[in-house]
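Asks: Sequence order for the protein chains is A and B.
In case it helps, our numbering puts the first sequence at residues 1 to 871.
In case it helps, our numbering puts the second sequence at residues 1 to 141.
What the hints contain is simulated information worked out from the structure, not anything from laboratory work.
As the structure is a prediction and not an experimental result, all values here were calculated from the model.
Certain hints may be false.
To be verified - On the chain A side, residues computed to face chain B include the following (Cβ under 10 Å):
id, residue
1, 22
2, 866
3, 869
To be verified - Some chain A residues close to chain B (C-beta under 7 Å, calculated; not the full set):
id, residue
4, 15
5, 25
6, 32
7, 40
8, 347
9, 733
Note that CB positions come from ideal geometry on N, CA and C, so glycine has one too.
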Amino acid sequence: MIRIFPVSTSYHSQVESRLLTLAAWFLCFYSLAITLAPAARMHSWQVTYRWEQWIGYAAWLVCTAVAWRSLNKTLADRDPFIFPLIMLMTGWGLLEVWRLSPSFGLRQTIWLAVCLGVLLLLSARPAVLELVRRYKYICLVSGLALTALTFFIGTYPGGSGPHLWLQFFGLYLQPSEPLKLLLIVYLAAYLADIRMQRQLTFLQWLMPALVILGTSLLILLAQRDLGTATIFILIFTFIVYLATGRRRVILISLFLVAAAGLFGYQLYDVIRIRIDAWINPWLDPSGRSYQIVQSIIAVATGGVFGRGPGLGSPGIIPVAQSDFIFSAIAEETGLIGIIGLLSVIALLFSRGLNTALHAADIYRRNLAAGISIYFAIQSIFIIGGNLRLLPLSGVTLPFVSYGGSSLLTGFLAAWILLLISHQSSRQVINTLNVKPFILTGELILMGMVAASIVSGWWSVIRSDDLSNRVDNPRRSIAERYVQRGSLVDRSGKPISESVGTSGNFQRKYFLPGLAATTGYSHPVYGLSGLEQAYDNYLRGLQGNPSMQVWSSQMLYGQPPEGLDIRLSIETETQNLTDQALKGKKGAAILMNASTGEILAISSQPGFNPNTLDENWLSWTTRQDSPLVNRVTQGVYPVGTAIGPFVLASQSGTIPLNTTPDRINLDGFGCALTLDEKIVPTWGEALKAGCPGALFDLMDHLTVNRLEDIYNAAGFFSLPDIPLAQAPTSSFHALDRKDTILVNNSATATPLQMVLAAASITAKGLRPSPRIAMAVDTPAQGWVILPAGQKTQSFTSDGIQMALSQYADDDSPLWHTTASVPTSEGQIHWFVAGTTQQWQGTPLALTLVIEGNTAETTTELGINLLNSVMMQ
Amino acid sequence: MSGIVVLIIRLLVAITLYAFLATVLYILWQDLQMHSELVKAAQVPFLTITPITDDNNPVEFNVPEIVIGRDPLCNYSVTDETVSSRHGRLSYHHNQWWLEDLNSTNGTFLNDDRVFTPTVVISGDEIRCGQAILKILIAPK
């Protein structure tokens with residue numbers, strides 16, 4: 001690097017050479033990191049590396065070296081810090097723009113070369129400064145005319161947007177950028193020349209400058225370029241303050257800006273949108289405040305260390321390369337990088353003010369101060385906007401953002417600063433009042449410190465909250481690169497699995513019938529079901545050693561590989577259940593009655609999560625809502641399905657030796673048709689769901705308050721399962737007739753019903769439902785996930801009673817069927833379980849069919865249980 | 001593995017950035033030290049104020065700034081009704097003693113010329129503050 005920046009004899013050039021060498025190394029490593037980023041992202045060396053940003057780096061190196069040699073000849077006594085600081089910012093911005101978009105990077109590189117050419121052309125002509133001083137009005141008026149020209153022939157470079165640009169031979173120029181510099185030059189010259197005349201009042205004295213400022217503001221406001229307009233006012237204020245030392249100027253100007261803001265808030269939609277998005281961005285994070293929310297999320301994702309150059313996803317923020325380059329840098333280099341960048345800007349500002357203090361005359365002093373303030377204020381404005389410290393204004397970050405006009409203006413201003421520092425005297429001019437300079441310096445540095453503190457707030461304290469927001473697309477991007485854990489069935493067969501290779505992992509679902517329960521993990525539609533409930537395990541954030549999670553985040557900016565979760569589902573049983581429900585509308589759940597493990601769970605109509613992209617819209621709008629899990633979210637009136645639990649909650653033995661007096665109630669018949677010629681037994685009538693029989697039965701019983709029975713069965717409490725469930729009603733009184741016939745306040749979900757049924761099979765113990773059994777951790781292998789508590793719901797006497805009526809004589813099963821009329825037609829329950837005679841796994845089944853007939857429902861249920869028991 | 005290599009490069013990025021900043025700050029610090037050495041080395045020539053209009057004793061100063069006024073807190077206080085409480089200032093910079101008026105009521109005069117802007121003072125000059133006349137003697141370096 002020494003050869004690129006050779007040292008001449010002067011002390012200044014030694015300092016500069018050392019700084020430029022460090023900057024060159026910094027940018028070299030930055031480029032290298034971008035080149036290797038794909039390898040880290042894919043965890044492999046067999047990737048396509050990114051080379052294009054090296055063009056930018058090479059161009060930067062050449063431009064810097066050429067400019068440096070030229071400066072050594074023409075401006076040998078310049079300040080040794082300004083040029084390295086500016087080149088560091090330019091190079092950093094250039095590489096980040098290349099990384100975001102190579103086509104913009106190429107254009108910015110061309111602009112850099114143009115800037116260098118202009119610098120070389122000017123470097124031998126220091127008289128230009130005096131020339132623009134003499135013709136200050138002509139310069140400014142032509143600048144204003146150029147800006148006004150955008151009203152007639154203005155364009156927008158990228159599609160549709162505000163017409164703030166002029167097009168020359170394929171190059172776009174935003175005249176309001178150089179206008180800033182022209183305003184500074186004009187003011188510096190005006191305030192220096194006007195000093196002689198003392199007999200005027202302050203306002204008279206300032207009037208010509210105010211007229212010029214007013215005209216510029218009118219043009220800018222007419223273009224709705226509010227950010228630039230505000231910067232104009234602030235630059236004007238500070239220059240006048242520094243030149244006159246009247247603190248009043250700042251107060252009046254701040255008051256005017258605030259008043260204009262309030263006034264504009266009432267009048268202009270543009271201002272209202274900006275201010276609202278600033279004050280409360282969380283109200284509309286996907287609409288008006290999308291940019292600012294995504295910008296803050298990017299800063300939060302960066303954290304302290306950043307995700308690494310090329311490793312973040314800053315492209316998500318719209319126009320990241322110009323307005324939001326700061327957030328892009330924040331995401332990739334973290335708080336460390338932000339503080340570095342803010343320090344560079346603060347140092348540049350302080351060197352600029354230092355140049356002003358030592359300037360040879362008042363014109364140069366005003367000019368240098370104005371330029372430093374322009375750099376500092378514009379930086380604070382856009383950085384503050386990106387961090388939600390200030391309302392968002394679409395200005396560029398000087399030297400860093402993409403934008404040719406901005407870069408050219410920046411370089412022209414920097415050239416003036418270098419020239420002034422070259423011509424400076426060693427001593428401060430003795431007439432100088434230093435106080436305004438100190439106060440201005442303090443104000444600007446306070447702004448920088450505030451920006452650092454807010455960055456720290458987002459990237460450290462609020463980092464986790466913001467990164468985990470659902471509208472942070474980085475989690476689904478990470479999921480394409482890191483394998484998400486699988487959901488497997490009891491025997492280890494995959495149910496949901498991410499297939500593919502790093503970079504294009506895709507979630508595949510092998511048991512679409514189970515979709516309502518297992519849910520989906522989709523980049524656009526998010527998470528649902530078990531994919532959501534066990535997301536932390538599946539993404540590897542839980543279950544892995546925390547050191548590994550941390551190091552993976554640190555090294556790759558990704559979570560570690562996900563862990564597999566074993567479910568209690570049996571694929572064959574599930575298929576049988578799906579088969580049984582096929583073409584119908586309803587829900588089925590089969591459970592191991594003693595452990596609560598769910599063997600099969602089905603909700604129809606269902607959806608196939610493999611085709612979520614194509615069908616999302618129709619599924620969300622369809623009347624029969626296929627995305628709803630009817631087992632946990634379907635609420636059905638229980639009707640006579642309460643029967644087994646009525647008997648089970650009795651204590652002692654109650655003799656029932658006569659046949660029921662009636663089977664119908666108020667004209668409502670049994671669910672299943674009985675042979676009319678034979679008088680049915682209690683058992684036959686109850687199993688068939690005859691309302692009259694159940695109603696009369698309760699007269700003989702010890703416990704006959706329905707709400708107590710309902711409570712014992714668990715229908716007032718929410719089962720402990722990590723799935724979306726319908727809310728349960730709290731304990732309330734139930735009317736007997738209403739409950740048996742039709743009552744919308746006596747309801748249960750199929751899951752609640754199957755748990756109650758399981759307690760009949762399991763001697764009165766109601767299990768806690770269980771679907772996720774174990775997680776495959778790298779350290780300990782399969783670790784069993786904790787099971788919930790069992791509840792003693794019924795006494796053994798009661799269970800005996802219930803089984804004596806509801807059990808079959810010829811098979812080891814008990815069951816009942818119920819039909820309940822609802823506003824959308826009949827629904828049919830089939831509730832069943834195995835009895836003590838069954839030697840295999842104790843089973844409990846609940847089936848709900850909407851529509852169809854009770855006979856079909858019963859037949860389906862019996863067949864399903866038989867085929868499961870045959871397995 | 002690729003992650004570790006990239007992490008090392010990222011560390012180098014951070015190190016070079018902060019090395020750059022540290023170098024800037026270190027050189028600025030050196031500059032400041034050099035400056036204060038220079039300031040220390042720059043001897044302020046002794047200045048003696050001899051009152052002409054009253055018979056107080058002459059006072060010798062070796063500080064770079066002398067405020068003249070009626071206020072007893074001034075470096076040189078004059079008990080004269082026509083002198084403002086902070087009347088004028090003598091300060092040493094650019095290898096010269098300079099006189100400036102601190103917005104006094106009756107004005108500061110150097111050899112009978114009114115002082116509007118800071119003016120260089122040489123040995124033997126007479127300063128008039130209101131009606132008090134002071135003779136300045138500056139010792140040669």
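Asks: Please write out, lowest number first, the hints stated earlier that are contradicted by the structure.
Replies: 2, 3 and 9
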